Amino acid sequence: MSGYLRIRNLSVALRDSGARLLRSVSLEVAAGEVRGLVGESGAGKSMIGKAVLGILPRSVEVVEGEIWLGDVDLLRLPPAERRKRVGANAALIPQDPLTALNPSRRIGGQVTDRLVDILGWKRAKAEARALELLAEVHIPDPARVMRSYPHELSGGMRQRILIASAFAAEPRLIIADEPTTALDVTVQKQILRLIAAMQARHGTTLLFVTHDLGVVSKVCQSLSVLYAGLMVEDTTVADFFRAPAHPYSAALLAATPKYTDPWASLMPVSEAVIDAVRAEVDAAETEWRDAR
Amino acid sequence: MLLLRTILARLATTAVTLFGVAVIVFVVIRVVPGNPIAMMLPPNATAADIDRLRALYGFDKSIPQQFLIWGWGVLHGDFGTSISLRQPVLGLVLGRLPATLELSVMALVMAVLLGGVAALTGTRKRGTRVEAGIDVANGVAMSVPDFLWGLLLIILFGVLVPVFQISGRVTPDLKLPFTTQFYLVESVLRLRFDLTADLLSHMFMPALALALPLAAIIGQLLKQSLKETMHLDYVTLTRTKGYGENHVILREALPNAILPTLTLIGVQFTFLIGGTVIVERLFSYEGLGNMAIDAVINRDLPLIQGIVIVFALLFTAVNLVVDMTYAALNPRLRHA
Ligand SMILES: Nc1ncnc2c1ncn2[C@@H]1O[C@H](COP(=O)(O)OP(=O)(O)OP(=O)(O)O)[C@@H](O)[C@H]1O
Ligand SMILES: [Mg+2]
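Top line first, the protein sequences correspond to chains A and B. Under this note's numbering, the first residue of the first sequence is numbered 77, with each subsequent residue one higher. Under this note's numbering, the first residue of the second sequence is numbered 254, with each subsequent residue one higher.
Dumping the calculated DSBU-like pairs for lysine-lysine here, alpha-carbon to alpha-carbon at most 30 Å:
1) A:K198 - A:K160
2) B:K378 - A:K160
3) A:K294 - A:K265
4) B:K378 - B:K480
5) A:K160 - B:K480
6) A:K160 - A:K201
To be clear, the hints were calculated from the coordinates, so they are not data collected in a lab. All values derive from a computational prediction rather than experimental measurement.
One chain only, chain A, in its complex shape (with noise of 0.2 Å):
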């Protein structure tokens, strides 16, 4: 199998205390396919759409491993050349619409500024473009909204303008980060469900992160679970659902109330099964260590 994303041992670190933060991740998305990433807050979910997109924060470096997108491995890629490959052919669906677009800026550049300014489209041809775009992902009046600043639009209308920003070149590859979690309870299933039409009309690639295993099951296809940097799952929901092969997925499929009895919620993930996934985290540190 030849995924469009194909992350090989890649492993991401503190620059200070050289502290792994992701521990030799492999994963793969194939070509229109979703793939879910799930795994707990601090798991290091973020920081592979991070290393991925080229975003990693400065207190980080990537350590080893590679990232294919297509046939070329970013990572051997020189800065400048790297940031355009991402820019064309990746895009972010960030977590936040609140904060994600500059409050000082029209929408309508925030929307065609990829196109005209690193694809070198025509300014014209961009804003049909973005005209377009907006109105596939429902917003009315999109002329007017082209105009607007962000400050003069509710938080699922700004959702919809970074969905559209980021179908808006036709990339091959989208990563979602939480695209919900930020937004009233309302709204977050249009959202999803527009993720999901977007996703499926234009044939696009997508890393779906999230921590709901419910959304999961809805919208993805395979699946990669994390803990700790580690990735201890890599499956199809079809298979997670009925069978999780680790003791962790198991029990955070137990924790996800929908499947099981109602009441697991209120269970934390036992202190044996964690125990168990912190030995196995423990092990690839040892085997990392004693092979450099």
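Given the structure of chain A, go ahead and fit chain B with the ligands onto it with the hints provided.
Leaving out everything else, chain B with the ligands in the frame of chain A:
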């Protein structure tokens, strides 16, 4: 609409402020010791002579009466007559104001350029030795006051490497074809770049002395807000679109990061204008500040009053301009 209301409200507060300033100055300079009349007359003048002169300038009346007479005059554009220079105060002040305005604005431009470059370079090179160096330079520039910078510059560029003029506004024996007192502006408009060069050579050191502390403050604050802004989500999102560091700093971060700095520049610019008093003296620059010191030495009450009122007006004008620029740059205020 909003703009009009802002301006009207500001005019009202300005009037109140100016009245307050006028009262305070008027009273204070009459209570502090020193007799302007006695200083004008030769030592052998009689008491009758002194009384005559006091009556001529109205100093024989009570302070409230004097204030009413003076205030009435001011409302009609008459700021009285300078005691030491024996000319109408308004003409004297307006004659000197352009020199101080040119110096202050030049200093402001220098401060914004220096501070801006420091902040942008520091942000571009954040976390490196370059940034550390900029921080040190900012710290030094900030903790040395403008007049000390003036002295240092005189030693440096006036004495050790004499490339700039130390004294005055323009070389005295030059023939000036100017009709206004805005020499620098007029020299450029008349394409007399020889004169522009001479004026700049005189202005460089006092302007730089005034600019350095402000440049440091601008550099520090702007770099701080830039660095904070660089972590915001919309900046990160722009990076994923394929933009490089320079674009991200200049187009995404700067327009938002600049707002707090702008407010600060407004406040600090009024301090800078206050600083012209001593710095102009230091460089014998013929501006309003220099005249103010002479006026105080000579106990020239009408002239002091006139200068103070003009400075107060200037400060309010600066604040108004800053507020309007802020509103223009911030879409959230523009549409409020
Ligand atoms: N700027 C940073 N500098 C240093 N460490 C960081 C930084 N950002 C995140 N980390 C650390 O990296 C680890 C992974 O963080 P990451 O944001 O990828 O978690 P996550 O799985 O996305 O969690 P969440 O569900 O809360 O978003 C965490 O332990 C976190 O403390
Ligand atoms: Mg995250």
